[in-house]
Structure formats: structure tokens, C-alpha cells
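Asks: Kindly generate the complete structure, drawing on both the sequences and the hints.
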Amino acid sequence: AQSVTQPDIHITVSEGASLELRCNYSYGATPYLFWYVQSPGQGLQLLLKYFSGDTLVQGIKGFEAEFKRSQSSFNLRKPSVHWSDAAEYFCAVGPFSGNTGKLIFGQGTTLQVKP
Amino acid sequence: EAGVAQSPRYKIIEKRQSVAFWCNPISGHATLYWYQQILGQGPKLLIQFQNNGVVDDSQLPKDRFSAERLKGVDSTLKIQPAKLEDSAVYLCASSSSPGHQETQYFGPGTRLLVL
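Line by line, the protein sequences give chains V and E.
Take the first sequence: its letters are residues 27 to 141, numbered as in this note's numbering.
Take the second sequence: its letters are residues 57 to 171, numbered as in this note's numbering.
Take these hints with a grain of salt, some might be off.
[What the hints assert, rightly or not] Cut-off 25 Å, straight-line C-alpha distance, at most; resulting in silico cross-link-like pairs (SDA-like, lysine to any residue):
#1 E:K67 / V:V63
#2 E:K118 / V:Q28
#3 V:K75 / E:S83
#4 V:K75 / E:A58
#5 E:K100 / V:S99
#6 E:K100 / V:T136
#7 V:K75 / E:K67
#8 E:K100 / V:T56
#9 E:K100 / V:S65
#10 E:K100 / V:F77
#11 E:K118 / V:S99
#12 V:K75 / E:S152
#13 E:K71 / E:L171
#14 E:K118 / E:S83
Read the hints as simulated data drawn from the structure, not as lab findings.
Replies: What follows is the structure, encoded as C-alpha cells:
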């Protein structure tokens, strides 16, 4: 069965420091991979997605993620964190199957940014 | 462009009562999703509609949950009777077409507390 693991439930970084959020997936083939961000009281917003091709994906708000097939990972990175990046981040996998758009989410990583 | 609208934003009910949530997707979006997000977990897909037809409802607890999208636009999710474990945020999302190539846009969610 497909699954997504985000090993870090909570991460605290200082403003201006670099950030890496980990994501590992379990799937038999190369899945569609996503990162979403959720601010308090708001819905999820797509940061970036990977379908195929270049394994380094650029997203919005200065985020990027790298797909590593050998490690079944899709880690999210940002070189310099801003206080407004404090939120919850979800990694998701989308099994390819016809018309289904079903996303399987990890449990999320809460990011706290220290001034 | 208006986003996905949901109402109510908050609802408190007692167990065994019924409750309904409403979702208005982005104009022109044929695909609509309902997700359940329990505290501390990632969202889980309950049901996916394509226009007014169901694509995937494999994780919908059909003994108590029902959903409809009669005219292929707005959708209603109902719980009857509610249980304590139904306390969660119910997220609605829409996309222009099914499949993972199209971005899912999420609404702010309805937070349900069952006492």
C-alpha cells in the first residue's frame, strides 16, 4: 500500500537559516509527489509538485524539492527561512490510476521560526 | 478568481446528532474532493466527484457519511449520526479536471467538534 512518512513532527529554525523537511514514500513505481503548506485557519496551498524529468523541482515562495528514487525521498528545502514560513507542511503522493486524483498525505511537519 | 468556499467554518454538535457541510468549488472546476483531517494527521480523501458522478468513495464510511453533488457544482457532505471520532476538519478541494496533472485547490475547511 502507498504511504508517506514525514519523520519530523516539529522543527524549529532561526529566521534566515536554511531549512530541510524530510519526506519518504512507499510506492511500487514512480509516483506523483507534492508538497503543500497549511497556515492556521487556512486551507492547503500547493508549493510544488514532481511528475517526471528534472529531479530538482522549483516551487513558490523560494522552496525547492529534490526527488531521489534510490532513497524514496522527496525532501523540501529553502535556503533562507522567513518568519512568514511558519506553518504546517505536508508531503503527499498521488498514485497514478486513471481519473483518480486521490492524494495520500504524510502526518505533517510543523515549522516554527525563531526571530 | 474566487477560491473554494466552505460553510460553516465551525460546528459543535453532540454525538448522535446530524450535521451537513457545504462546498462551492472554483467556477468551472469539474472535479471536487472531500478530505477529512483529524488533529495531528494529514488529510484523508473521503470522496471524489467528477461533475455529478462519484469517482472514488472507497474511504467514505457509508453507514453514516453521505455526499452529493447534484448539479455538478456545489456539494454537500452529511454525517448522520455523528460519533466522537468524527471530530476533525473537513476540507473541500477542486480541480479543473481529474488526475494528478491538475492542481487541487483547497478551501479553508469546516472544523467539527463532536461532544
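Asks: Against each hint, give a clear statement of whether it holds in the structure.
Replies: Outcome of the hint check:
Restraint check for K67 (chain E) and V63 (chain V): satisfied, since their Cα atoms lie roughly 24 Å apart, inside the 25 Å limit. About 23 Å separates the Cα atoms of K118 (chain E) and Q28 (chain V), which keeps this hinted pair within 25 Å; it holds. For the hint pairing K75 (chain V) with S83 (chain E), the CA-to-CA distance comes to about 23 Å; that is within 25 Å, so the pair holds. For the suggested pair K75 (chain V) and A58 (chain E), the alpha carbons sit about 23 Å apart, so the restraint of at most 25 Å is met.
Restraint check for K100 (chain E) and S99 (chain V): the C-alpha separation of about 21 Å stays at or below 25 Å, so the hint holds. Distance hint between K100 (chain E) and T136 (chain V) is fulfilled; the C-alpha atoms sit about 18 Å from each other, no more than 25 Å. Distance check on the hinted pair: K75 (chain V) and K67 (chain E) sit about 33 Å apart at the alpha-carbon level, beyond 25 Å; violated. For the hint linking K100 (chain E) to T56 (chain V), the alpha-carbon distance of about 21 Å falls within 25 Å, and the restraint holds.
Distance hint between K100 (chain E) and S65 (chain V) is fulfilled; the C-alpha atoms sit about 18 Å from each other, no more than 25 Å. About 21 Å separates the Cα atoms of K100 (chain E) and F77 (chain V), which keeps this hinted pair within 25 Å; it holds. At most 25 Å may separate the alpha-carbon atoms for a hinted pair to count; K118 (chain E) and S99 (chain V) exceed this at roughly 35 Å. Using a Cα cut-off of 25 Å, the hinted pair K75 (chain V) and S152 (chain E) holds, with the two alpha carbons roughly 17 Å apart.
For a cut-off of 25 Å, the pair hint linking K71 (chain E) to L171 (chain E) stands: about 6 Å separates their Cα positions. With a C-alpha separation of about 28 Å, the suggested pair K118 (chain E) and S83 (chain E) falls outside the 25 Å cut-off, and the hint is violated.
Violated hints, listed in ascending order, are 7, 11 and 14; each of the other numbered hints is respected by the structure.
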